[in-house]
Amino acid sequence: MTSFTVNGETQELDIDPATPLLWVLRDTLGLTGTKYSCGIAVCGACTVHVDGIPVRACVTPLSAVANKAVTTIEGLSKDNSHPLQRAWIVLDVPQCGYCQSGQIMTAVALLAKNPKPTDSDIDQAMSGVLCRCGTYSRIRRAIKQAAELKAKGA
Amino acid sequence: MNDLTIREAVNPGRRSFLKASAVAGGGLLIGFHLPLANRAGEAAAAANEFVPNAWIRIDADDTVTLRVASSEMGQGVHTAVPMLLAEELDCEWARIKVEMAPADKAYINPLIGQQLTGGSTTVRAFWTPLRQAGAAGRSLLIRAAAQSWKVNEEECRAGNGVVLHPPSKRRARYGELAAQAARLSIPGEVFLKEPGEFKLIGKPVPRLDTPLKVNGSAVFGMDVKLPGLLVAVVERCPVFGGQLKKFDAAGARAVPGVRQVVAIHSGVAVVADGFWAAQRGREALVVIWDEGGHAKLNSTAIRQRLERALGKKGVTARTEGDATKVLNAAAKRIEAVYEAPYAAHACMEPMNCTAQVKKDSCELWVPTQAQTGAQFVAMQITGLPADKVKVNTTFLGGGFGRRAEQDFVAEAVQLAMAMGAPVKLVWTREDDMRHDYYRPATLNRLSAALDKGGLPLAWRHEIAGPSIMARVFPGSINNGIDNTSVEGAANLPYAIPNLHVSWVMENGVAPVGFWRSVGSSQNAYITECFLDELAAAAGKDPYEYRRALLIKHPRHLGVLELAAQKAGWGTPLPAGRSRGIAVAEAFGSFCAQVAEVSVEQGKLRVERVVCAIDCGMVVNPDTVVAQMESGIVYGLGAALKGEITIKNGRVEQGNFNDYPLLRFDEMPQIEVHIVKSTEHPGGVGEPGTPPIAPAVANAVFAATGKPVRRLPIRV
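Chains A and B are the protein sequences, given in the same order.
Start counting the first sequence at 5; every next residue gets the next number (the working numbering).
Start counting the second sequence at 3; every next residue gets the next number (the working numbering).
Treat the hints with care, since some could be wrong.
What the hints assert, rightly or not - Looking from chain A toward chain B, a few residues come up when the C-beta cut is under 10 angstroms (computed):
id, residue
1, S7
2, G34
3, Y40
4, H86
5, L88
6, C103
7, Q104
8, G132
9, L134
10, C135
11, C137
12, I143
13, Q149
What the hints assert, rightly or not - From the structure, some residues in chain A lie toward chain B, with a derived Cβ separation under 7 angstroms:
id, residue
14, I19
15, T23
16, T36
17, I44
18, A45
19, V46
20, E78
21, W92
22, I93
23, Q99
24, C100
25, G101
Calculated directly from the structure, the hints in this document are not laboratory data.
Glycine included, each C-beta is placed from N, C-alpha and C at the ideal position.
All chains, full assembly: derive it from the sequences and hints.
Shown next as structure tokens:
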């Protein structure tokens, strides 16, 4: 039995603790906002937070999150009100959208640690999350805009 | 209708069948049947006089629901298409709702003759019919209001979802008028707005799908949920053309959660309660393959085969003057061999399809670009008629041509039949990379002769490569030419008196398919780089050289000059930087790009790209910008990184570690400039891709003096 929380809700699951968190979230809990794309931690589409730290859910076994707090894209806000979601909407960042959960969760972790990131901070934080549609420059602008929104307390 | 300047009057009865009818709850339904542009389409149209359908529904609560025939794969059509309708219907934009259309003859793309999202055709195909439908709806609503108020129709106006009669100050919402409008017949003529009157078209409109894509609620194929849904993975022969000999499923069946191990046409499937159990089961499979005749095939042999093909006489794609005679007599002759490798699509969402087959019905939930094809494949496998095969199209996590294929649909349908339960077939990233329909690898020999002034007198381009259409649609091969193999080469715009473009079909073992911008994605690279070689041989500036040769092509010239001007072509650059330029016409649009690159310590970096696009009339300008950014990044991936190689009959690459994509920190600064135009709309999903590889390669050539004759670019 593995006990942990997902988006504030306690989960007690009796499944193989070696199962990657990604498939626990998607297939067991039905939280499909976290995406599968590479399965080997090289694309970042499956990024979630474990105790606030961004991790690759595709290579994180369930056992690693025992008694920890997992946050997924669904847990960011109830109404798209997180500053990053708002900035993402204003700048119409997504195209196909498949990588965007991973992009946003990575950006959330960046802003939590570094409220006013420079271009090179953003490069460093975001370079592990791949996008095939080329939304990178809009993501950069959206992160900067969200940082401003957060600074204003909006 | 006095708020309109009436010029473009059309007769909907002749141009496209329109029909109004009532829906339950007091709504108005406007259906229409599209006239088809090609022969295949005409045949299909003859088979059905009028297909009743449900394109547009206006409900009593003012909601306007549009069923969009095209798949949303990032290119923004689920916003651009409703904009076309809303512009002419003059409804309230906030009340627009989009539904993805099912697979049905009613939704055939008139430019393709199938329900298929490809060739950058969506806006071009639906530009006129959807505006006509909107105008007809508006006219019906006005007439309904005039009749109920017993006033003159000409005194009524419509706008923002309301019909007004200013003399009596009466007003009614579209929703209130819908039931009455449904009893009227479609007007014999409708009047379309002049571009100057557009309120929505041409203005940046936020995408309707964005809010769903920032909180995980957008449903992609991978995200489909159904009661009792099983998940399947398939072990396929790693060697092209290989077949299953035998397998031992005992180990797989012993994995908790595994329900069944089934041999299907493409390999051995493991079906389980979830993906992880299925994948564990697959790892425990023992499969013996008959690897067939290609188990020793490698990339070197493929190249040799293309070399031999280049020695054969090709089929003529275009000929003017006598290029060979002029070349043979030329004092100065320039020759080069250019090549492009296989490239993978690498959609972020790997291929997948969910299917459920019952005794008398089949239902698919699939991220597909090709609904007609998906339905057809399911009909063939199940033996069911079209009206028993329902296709639900989800959002697509990238398409780029890969999702026009049906291999994953066929697998899912077979598995759903075998299991008697709904099955979600999931490809891993490695499956996706190793069993793609690749961009064709081609080899090209180019020869040119220059006149005394350095301008080309003769140009000969011989291409050898595999044919996409030979597999997909052999009937479209005309006089031996697959147009997708020569597009971007045969339509060379430069004024060259003696010109010859030929093609040798050399179908290899690796399957090939449509890859964003198709033939132009490599032919623009090849022709635009060779043109820079000619300019260099002539001692001319590559921009001025192009200008001199494009006098008769104002739209090419327009984007070329705009890109050059905005990029500061000819102005000094910091040390270590260089510029390259390229222009290409593709999918009805014209695009030029200037790339600014730096080469430091053997590392190439694309610093800046200035892009000028002329795609005729623009529907959603921010989407055009996004699609240029997107097309550039997609093309850069193949120009700088992506290469599929084959060893022992197998694709050597499997994931993003060995088939890398462009990363965030490698993203150039991109500036997009849109040409103002009143021309008919062109495509936008693909035209951004062709110019980027040659623009970058030409910048490298400018820096190093060495032409880049092979992709990906190595410095």
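Consistency of the hints with the structure:
For S7/A, the interface hint is violated, the least distance from its beta-carbon to any beta-carbon of chain B being 20 angstroms, above 10 angstroms. Restraint check, G34/A versus chain B: the minimum CB separation of about 6 angstroms is within 10 angstroms; hint holds. Interface hint status for Y40/A: upheld, as the beta-carbon distance to the closest one in chain B is roughly 6 angstroms, under 10 angstroms. Among the interface hints, the one on H86/A holds; its C-beta lies about 8 angstroms from the nearest C-beta in chain B, closer than the 10 angstroms criterion.
Because the smallest distance between the Cβ of L88/A and any Cβ of chain B comes to about 8 angstroms, under 10 angstroms, the interface hint for this residue holds. The criterion of a C-beta within 10 angstroms of any C-beta in chain B is met by C103/A, whose closest approach is roughly 5 angstroms, and the hint holds. The interface hint given for Q104/A holds, since its Cβ lies 5 angstroms from the closest Cβ of chain B, which is under the 10 angstroms cut-off. Look at G132/A: its Cβ gets to within about 8 angstroms of chain B, closer than 10 angstroms, so that hint holds up.
Of the supplied interface hints, the one on L134/A holds, with its beta-carbon coming within about 5 angstroms of a beta-carbon of chain B, less than 10 angstroms. Contact between C135/A and chain B, as hinted, is supported at the beta carbon level, the nearest pair being about 7 angstroms apart and thus within 10 angstroms. Satisfaction of the interface hint for C137/A is found here, the shortest Cβ-Cβ separation to chain B being roughly 5 angstroms, below the 10 angstroms cut-off. Taken as an interface hint, I143/A checks out: its beta carbon lies about 7 angstroms from the nearest beta carbon of chain B, inside 10 angstroms.
With a least beta-carbon distance of about 13 angstroms to chain B, the hint placing Q149/A at the interface is violated under the 10 angstroms criterion. At its closest, the beta carbon of I19/A sits 9 angstroms from a beta carbon of chain B; the interface hint therefore is violated under the 7 angstroms criterion. At about 5 angstroms, the closest approach between the beta carbon of T23/A and any beta carbon in chain B falls short of 7 angstroms, and the interface hint on this residue holds. With 7 angstroms as the threshold, the beta carbon of T36/A comes within range of chain B, its nearest partner Cβ sitting at about 4 angstroms, so the hint holds.
Given hint, I44/A at the interface with chain B, holds; its Cβ is 6 angstroms from that chain's nearest Cβ, closer than 7 angstroms. Hint status for A45/A relative to chain B: violated, with the closest Cβ pair at about 10 angstroms, above 7 angstroms. About 5 angstroms separates the beta-carbon of V46/A from the nearest beta-carbon of chain B, less than 7 angstroms, and the hint is met. At a threshold of 7 angstroms, the smallest CB-CB gap from E78/A to chain B is about 5 angstroms, leaving the interface hint in force.
For W92/A, the interface hint holds, the least distance from its beta-carbon to any beta-carbon of chain B being 5 angstroms, beneath 7 angstroms. Because the beta carbon of I93/A sits about 5 angstroms from the nearest beta carbon in chain B, less than 7 angstroms, this interface hint is met. The closest approach between the C-beta of Q99/A and any C-beta of chain B is roughly 3 angstroms, which is under the 7 angstroms cut-off, so the hint is satisfied. Hint on C100/A holds. Least Cβ distance to chain B is approximately 3 angstroms, under the 7 angstroms limit.
A distance limit of 7 angstroms between C-beta atoms decides the matter here; for G101/A the minimum to chain B is near 3 angstroms, and the interface restraint holds.
In terms of the numbered hints stated before, the structure departs from hints 1, 13, 14 and 18, listed from lowest to highest.
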